[in-house]
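> Here the protein sequences come in this chain order: A and B.
Going by this note's numbering, the first sequence opens with residue 307, and the numbers climb by one from there.
Going by this note's numbering, the second sequence opens with residue 205, and the numbers climb by one from there.
No lab work stands behind these hints: they were computed from the structure.
There may be inaccurate statements among the hints.
Computed far set for chain A versus chain B, every beta-carbon distance over 10 Å [stated by the list, open to error]:
{"id": "1", "residue": "D311"}
{"id": "2", "residue": "F367"}
{"id": "3", "residue": "K369"}
{"id": "4", "residue": "T394"}
{"id": "5", "residue": "N402"}
{"id": "6", "residue": "Q419"}
To give an idea of the chain B side of the interface with chain A (calculated C-beta under 8 Å), a few residues [unchecked claim]:
{"id": "7", "residue": "S282"}
{"id": "8", "residue": "I354"}
{"id": "9", "residue": "Y357"}
{"id": "10", "residue": "R359"}
{"id": "11", "residue": "A360"}
{"id": "12", "residue": "F367"}
{"id": "13", "residue": "K369"}
{"id": "14", "residue": "L371"}
{"id": "15", "residue": "G372"}
{"id": "16", "residue": "I375"}
{"id": "17", "residue": "L376"}
{"id": "18", "residue": "D418"}
Capping the alpha-carbon separation at 20 Å, the derived lysine to aspartate or glutamate pairs in EDC-like fashion look like this [said to hold, decoys possible]:
{"id": "19", "chain 1": "A", "residue 1": "K360", "chain 2": "B", "residue 2": "E366"}
{"id": "20", "chain 1": "A", "residue 1": "K353", "chain 2": "B", "residue 2": "E265"}
{"id": "21", "chain 1": "A", "residue 1": "K353", "chain 2": "B", "residue 2": "D293"}
{"id": "22", "chain 1": "A", "residue 1": "K360", "chain 2": "B", "residue 2": "E365"}
{"id": "23", "chain 1": "A", "residue 1": "K474", "chain 2": "A", "residue 2": "D504"}
{"id": "24", "chain 1": "A", "residue 1": "K415", "chain 2": "A", "residue 2": "D429"}
{"id": "25", "chain 1": "A", "residue 1": "K457", "chain 2": "B", "residue 2": "E379"}
{"id": "26", "chain 1": "B", "residue 1": "K414", "chain 2": "A", "residue 2": "E313"}
{"id": "27", "chain 1": "B", "residue 1": "K239", "chain 2": "A", "residue 2": "D384"}
{"id": "28", "chain 1": "B", "residue 1": "K287", "chain 2": "B", "residue 2": "E365"}
{"id": "29", "chain 1": "B", "residue 1": "K369", "chain 2": "A", "residue 2": "D429"}
{"id": "30", "chain 1": "B", "residue 1": "K369", "chain 2": "A", "residue 2": "D455"}
{"id": "31", "chain 1": "A", "residue 1": "K353", "chain 2": "A", "residue 2": "D314"}
{"id": "32", "chain 1": "A", "residue 1": "K403", "chain 2": "B", "residue 2": "E365"}
{"id": "33", "chain 1": "B", "residue 1": "K421", "chain 2": "A", "residue 2": "E313"}
{"id": "34", "chain 1": "A", "residue 1": "K403", "chain 2": "B", "residue 2": "E366"}
{"id": "35", "chain 1": "B", "residue 1": "K369", "chain 2": "A", "residue 2": "D384"}
{"id": "36", "chain 1": "A", "residue 1": "K369", "chain 2": "A", "residue 2": "D384"}
{"id": "37", "chain 1": "A", "residue 1": "K517", "chain 2": "A", "residue 2": "D371"}
{"id": "38", "chain 1": "A", "residue 1": "K403", "chain 2": "B", "residue 2": "E379"}
Keep in mind it's a predicted model, so treat the numbers as computed, not measured.
Every residue gets a Cβ at the ideal spot worked out from N, C-alpha and C, and that includes glycine.
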Amino acid sequence: MYDIDIEDLSVYYGSVCALKNINLKVKSQKFLGITGPNGGGKTTFIKVLLGLLKPTRGSVFIKRDSVIGYVPQYVFFDRRFPIDVLDTILMGRLPNKIRLFQGFSVEDKKCVQEVMEYLRIRDLSNRQIGQLSGGQMQKVLIARALVSDPKILVLDEPAASLDSSTKKEIYEMLHKLSKDKTIIVVSHDMEEIFSYADNVIFLNKTIQHYKNE
Amino acid sequence: MVIAFFSYTFIQNAFMAAVLASIVCGIIGPIIVEKHLVSMSGGIAHASFGGIGFGYLLGIEPIIGGLIFSIGASLSISTIKKKTNTNSDILIGMFWAVGMALGILFISLTPGYPPDMTSYLFGDILTVSSLYIKIMLVLSTLITFSIISIFNYWRAYLFDEEFLKVLGINILRLERVLFILISLSIVILIKVVGIILIIALLTIPPAIAKLFTDNLKSMMIISSFVGVLFSFIGLFISYLYNIPSGATIILLSVIGYFILSMLKINHTKKIINYFNRQVIRKG
Ligand SMILES: Nc1ncnc2c1ncn2[C@@H]1O[C@H](COP(=O)(O)OP(=O)(O)OP(=O)(O)O)[C@@H](O)[C@H]1O
Ligand SMILES: [Mg+2]
């Protein structure tokens with residue numbers, strides 16, 4: 307029923323408190339928007355959720371066997387890294403058990419093609435990632451998360467610095483995806499968040515407001 | 205004259221060493237450059253100097269001591285960084301300096317006539333023994349195998365390790381293995397080009413390769429060829445004019461880099477990228 311159940315979560319960086327006494331349950335196949343001021347703890351919250359950061363106190367429970375897809379902020383990438391779009395997206399199909407000389411299967415490649423088709427980035431397949439626009443790069447990162455067929459999709463500012471039509475396109479797609487996935491989006495785009503998300507939380511160390519459907 | 209040149213065993217060994225060193229640098233160099241581990245590698249290289257001194261003091265093979273110290277330094281730097289959140293540049297600087305200091309100290313404590321350390325600092329490819337060639341052969345096979353066998357994971361690790369962690373892959377183990385491989389490579393290279401010039405050999409061939417390609421795998425292949433080419437020419441010139449071989453190789457590579465980067469080679473890049481798609485991807 308609940309995909310995510312967070313109880314009494316606190317996170318400190320040394321003596322700096324980033325999150326304090328967070329309690330939150332997220333239902334399956336809901337679209338949750340997270341907003342709040344800079345330094346409010348949104349990225350910290352996501353990192354704890356993804357297991358990238360250990361909570362100082364409290365617990366984060368994620369429904370068993372749910373694959374999580376992660377779409378990081380694209381501005382953090384070294385865009386000169388020697389990799390093209392296809393290889394970047396294929397990364398999402400890497401099995402978590404490392405085996406020697408394991409290549410990608412026909413099924414892996416088919417899945418990548420389908421997702422690229424869906425996001426309409428198929429013709430970018432052979433481009434080096436440095437030759438993409440911000441919106442295109444964002445879609446590549448979304449594609450990489452989608453090819454692992456996640457039950458929960460977590461996105462950190464997926465539409466920051468995109469033009470308004472691309473922004474709308476991405477939110478509409480996320481809305482559609484929330485029919486069979488749980489979507490969690492961090493964003494400062496109040497207008498889009500409030501029109502597309504089922505629930506919105508305003509995070510500033512603690513959950514300060516909570517908008518329900 | 206060319207035939208006479210190749211008939212000496214030490215020349216044959218030198219060429220063999222150059223090929224192996226170029227392959228190691230060709231594979232590890234692009235990884236170091238893309239993961240921004242250049243100064244880390246400098247730290248590891250200098251830390252190994254302490255181990256070399258320790259080897260002399262104990263009367264064991266100095267390279268073994270160097271290997272232990274460089275692996276110890278690289279794993280300590282990453283562990284201390286995680287535990288204390290210290291800036292890794294500072295830690296690298298400390299290990300760098302401490303390694304050199306310990307090296308000098310151990311050598312001064314070594315009884316008898318002090319060994320000539322310049323061959324470790326600047327390398328002397330012309331003194332590489334047949335036994336050392338065999339050791340290099342084993343180690344470079346190990347390094348090549350470790351990278352090629354899980355190449356897709358390495359590339360993903362270099363590009364975005366957090367994503368791999370979210371996929372449930374143990375990135376700490378990957379990091380440890382990588383640091384050990386870098387230490388191994390550096391120790392292999394110490395005999396060939398010396399501690400001082402290692403960084404150049406690890407960074408210049410990848411820099412040249414990056415002028416030609418946007419693909420990590422071909423970057424490694426091109427880097428290896430570039431290394432072989434420059435070290436062969438460098439060896440030959442250093443033999444002809446009786447000048448230090450390591451320095452000649454490095455200077456040649458840097459000159460080569462500047463000439464190539466000034467020429468317009470976008471066209472070549474397109475051809476090589478096309479080649480990647482047709483051949484490498486299908487393979
Ligand atoms: N690595 C870190 N070390 C120490 N403090 C940190 C670290 N990362 C974040 N913080 C602190 O934790 C708090 C929350 O930061 P966080 O990055 O989660 O905010 P955010 O809501 O994502 O902000 P933004 O909107 O700017 O992205 C801030 O006070 C920040 O200074
Ligand atoms: Mg943030």
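> Check the hint pairing A/K353 with B/D293 against an upper bound of 20 Å on the C-alpha distance.
Roughly 25 Å separates the two Cα atoms, so the pair is violated.
> Regarding the pair A/K369 and A/D384, is the alpha-carbon distance no greater than 20 Å?
Violated, because 33 Å separates the two Cα atoms, which is more than 20 Å.
> Taking C-beta pairs only, is A/D311 more than 10 Å away from all of chain B?
Correct as stated: the minimum Cβ-Cβ distance to chain B is 19 Å, above 10 Å.
> Is the claim that A/N402 lies outside the interface with chain B correct, judged by CB distances over 10 Å?
4 Å, violated
> Under the criterion of a CB-CB separation shorter than 8 Å, is B/K369 in contact with chain A as hinted?
Holds - the Cβ of B/K369 comes within 8 Å of chain A, reaching about 6 Å at its closest.
> Checking one constraint from the list: CA of A/K517 to CA of A/D371, max 20 Å. Satisfied?
29 Å, violated
> Does B/K414 pair with A/E313 here, judged by a C-alpha cut-off of 20 Å?
49 Å, violated
> Mind verifying the non-interface call on A/F367? Its CB should be farther than 10 Å from each CB in chain B.
17 Å, holds
> For a C-alpha distance cap of 20 Å, please report whether B/K369 and A/D429 respect it.
Measuring from Cα to Cα gives roughly 29 Å; hence the hint is violated.
> Do the numbers back the hint for B/R359, that is, is its least Cβ distance to chain A under 8 Å?
With Cβ-Cβ at 7 Å, under 8 Å, it holds.
> Within 20 Å, alpha carbon to alpha carbon, are B/K369 and A/D455?
Cα-Cα ~16 Å, so holds.
> Holds or violated: is there a CB of chain A closer than 8 Å to the CB of B/I375?
It is violated, given that the least Cβ distance between B/I375 and chain A is near 10 Å, above 8 Å.
The earlier numbered hints that this structure contradicts are 4, 5, 7, 16, 17, 20, 21, 25, 26, 29, 33, 36, 37.
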